Amino acid sequence: MWDYTEKVKEYFENPKNIGEVENPDGVGEVGSLACGDALRLTFKLDEDQRIKEARFQTFGCASAIASSSALTELIQGKTLEEAEKLTNKDIAAFLGGLPKEKMHCSVLGEQALSAAIANYRGRTIPKQQEGEIVCECFGVTDKEIERVIRENGLKTREEVTNYTKAGGGCETCHDKIEALLARVLKEEREARPAEGPPRPALTNIRKMKLIEETLEREIKPALKADGGDIDLIDIDGNKVLVALRGACSSCRAAEVTLKDYVELKLKEFVTPEITVEEVKP
Amino acid sequence: MKVVYMDNNATTRTAPEVVEAMLPYFSTYYGNPSSMHYFGGQVAKEVQEARSRVAALIQADPAEIVFTSCGTESDNAAIWGTLNSYPDKKHLITTRVEHPAVLNLATYLSKRGYRVTLLPVDREGRLDLDQLTAAITDETAIVSVMWANNETGVQFPVEEIAEIVKSRGAVFHTDAVQAVGKIPIDLSRTPVDLLAFSGHKLHAPKGIGVLYIRRGTRFTPFVIGGHQEKGRRGGTENVPYIIGLGQACRQAQTHLGEENKRVRALRDRLEQGILDRIPNVLINGDRGSRLPNTLSVSFEYVEGESILLLLSNLGICASSGSACTSGSLEPSHVLRAMGVPFTAAHGSIRFSLSIYNSEEEIAYVLDRLPPIIERLRAISPFWKKRTAEAG
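These protein sequences, in sequence, are chains A and B. Under our numbering, residues 1 to 281 are what the first sequence spells out, in order. Under our numbering, residues 282 to 672 are what the second sequence spells out, in order.
It is possible that some hints are incorrect.
[Said to hold, decoys possible] In silico DSS-like links for lysine-lysine, alpha-carbon gap of 25 Å or less:
1) K16(A) / K665(B)
2) K9(A) / K283(B)
3) K44(A) / K665(B)
4) K9(A) / K220(A)
5) K220(A) / K100(A)
6) K85(A) / K176(A)
7) K176(A) / K392(B)
8) K52(A) / K665(B)
[To be verified] Residues of chain A clear of chain B, computed beta-carbon distances all greater than 10 Å:
9) E29
10) E84
11) R121
No wet-lab data here; the hints were simulated from the structure. Treat the numbers as computed from the prediction; the structure is a model and nothing was measured. Glycine included, C-beta positions come from ideal geometry on N, C-alpha and C.
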């Protein structure tokens, strides 16, 4: 049995936005029968160029169906520029997390969205033109693998397989993936020469900036998707004081959100010493 | 919620009579059968009685029965035990559709100096016996071919295979985990040298297995320790489980007729009912030679894990050869070896019945399954496309 969250189960058993939008503005199709999962995303824009309606059709397991439905919920009301910023991590976070072997389901959602937006803009992006195929079994390119490694901070070949499926078939491409991974990790290390290993002590200014950035980029979008929001009240050393807004402020799971999501993200992107506390109004 | 259990190739319910037979051997007759005192000795007698019942189910001599911990141990012991007895022979033959207990061991051996031949199967899951014959050389230590496949239920012609292997001087082992208790097995007529099976597939508990070693077969012990099992497997006998297995084998023998009539009829009804009610369905495996309890069926354009979870919500237990259920990314090695098309391999479901299943349960599944497939197909982009193209 997979350890699916309640939200994954809910979105699998009662998925929202099944089907096709009539006369869609954008259509994105990714995956195939051979791969074992496939997603067809259609959307329509309103007068303000915001996504008015998004629908999906999915062939795949429970987490693929839930991820697709989550995607359609997440992009509703967004401009294409906003929607473009959405990554697989947002989809996984929206669902309260996915088993690591199932992360590729969230990646499928991100890919379908890019394909649909590209389609709207009058371009199609056939996979083959986006770099070279590394994994023949699942038709995964080096560009795709590189992007997923960077976006998700992947460190091992197994993680690459879990997220992209690359290397999950005949396994002959494992050496290529290892080499690609080594190159990207090296580049990532070199891109942060100022930080250098191990993580240097943060100046107060830098820490505040990082906290703000992380809240904006990583945390707010996910909470907003649930009808909530978060405000930064104060920073006292490594203690971050926040106030939950909207749906979050009355949510009984707020404490869990705070510790398991907000704090975890800040620990990940700022410093492991961070603790988060809620300021009640 | 009522549980409708149709996953008996995974494991079975321990029969209540089996549990009852075992219980006194935990806290009343807890002696060690190897002890000199009467208290232990009386247990040895019961172990011997159980051994006779196990032997009777497969028409073997009790002295040819070795108790192990599980089917996997039995398979490993058979293969290692033979290879170590023939250190000059570095070739082993098995099939692409074996259980991991054999297949992964073969892969392991192939990286350690052994040459391994994996025999292919056809679209129906059948072996080409000429290919098998041609593969055996003077170098071949052992041929290991399963009696019946766990996913599709396809039975191999083990009698014929055993004759071929014996006539060419190699040792023949069969993984009969799915066959024993489901179909009649007569080792007095079938010249297999080694045979493995497991208690929990025939209503005994998990944690007990059997390795049959034909008298006169060269065998080097796999678990090295005390003198137990005539020096063929060290370790104090798992007495309560051996007693349980003896009881389960006795019951299996009386139920063989029922298994092959009533259970087969239930399986056939389930199969026909699915074919009648649901379009685009494929039955996997040779319908002419299949275990009476097993049905592997593929629903095109939908994915197995989704089907299983929706069935599970209704209390129906089955399993799938789909990629997503196992954590691997490709569908089962058995269906791939058979060349089942991808459209169908991902949507494969295995129902495996037992004597505890009823007609009502079959009717319940036939009632609940079609809407599940319909619902998932309504979500599937391929189903829409296919119907659009057809219409």
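Hints, one by one, checked against the model:
1. With a C-alpha separation of about 18 Å, the suggested pair K16(A) and K665(B) falls inside the 25 Å cut-off, and the hint holds.
2. In summary, the hint linking K9(A) to K283(B) is supported, as the alpha carbons are separated by about 21 Å, within the 25 Å threshold.
3. A threshold of 25 Å between alpha carbons decides the hint, and for K44(A) with K665(B) the separation of about 20 Å falls inside it, so the pair holds.
4. Of the supplied pair hints, the one linking K9(A) and K220(A) holds, its CA atoms being roughly 24 Å apart against a limit of 25 Å.
5. Pair hint K220(A) plus K100(A) holds up; C-alpha atoms about 23 Å apart against a cutoff of 25 Å.
6. Distance hint between K85(A) and K176(A) is unfulfilled; the C-alpha atoms sit about 29 Å from each other, more than 25 Å.
7. In summary, the hint linking K176(A) to K392(B) is supported, as the alpha carbons are separated by about 21 Å, within the 25 Å threshold.
8. Our distance criterion of 25 Å between C-alpha atoms is met by K52(A) and K665(B), whose separation comes to about 23 Å.
9. With a least beta-carbon separation of about 7 Å from chain B, E29(A) fails to lie farther than 10 Å from that chain, contradicting its non-interface assignment.
10. With a least CB separation of 23 Å from chain B, E84(A) remains clear of the 10 Å interface cut-off, as annotated.
11. For R121(A), the non-interface assignment is confirmed: its Cβ lies about 22 Å from the closest Cβ of chain B, beyond the 10 Å cut-off.
Hint violations for this structure: numbers 6 and 9, all remaining hints satisfied.
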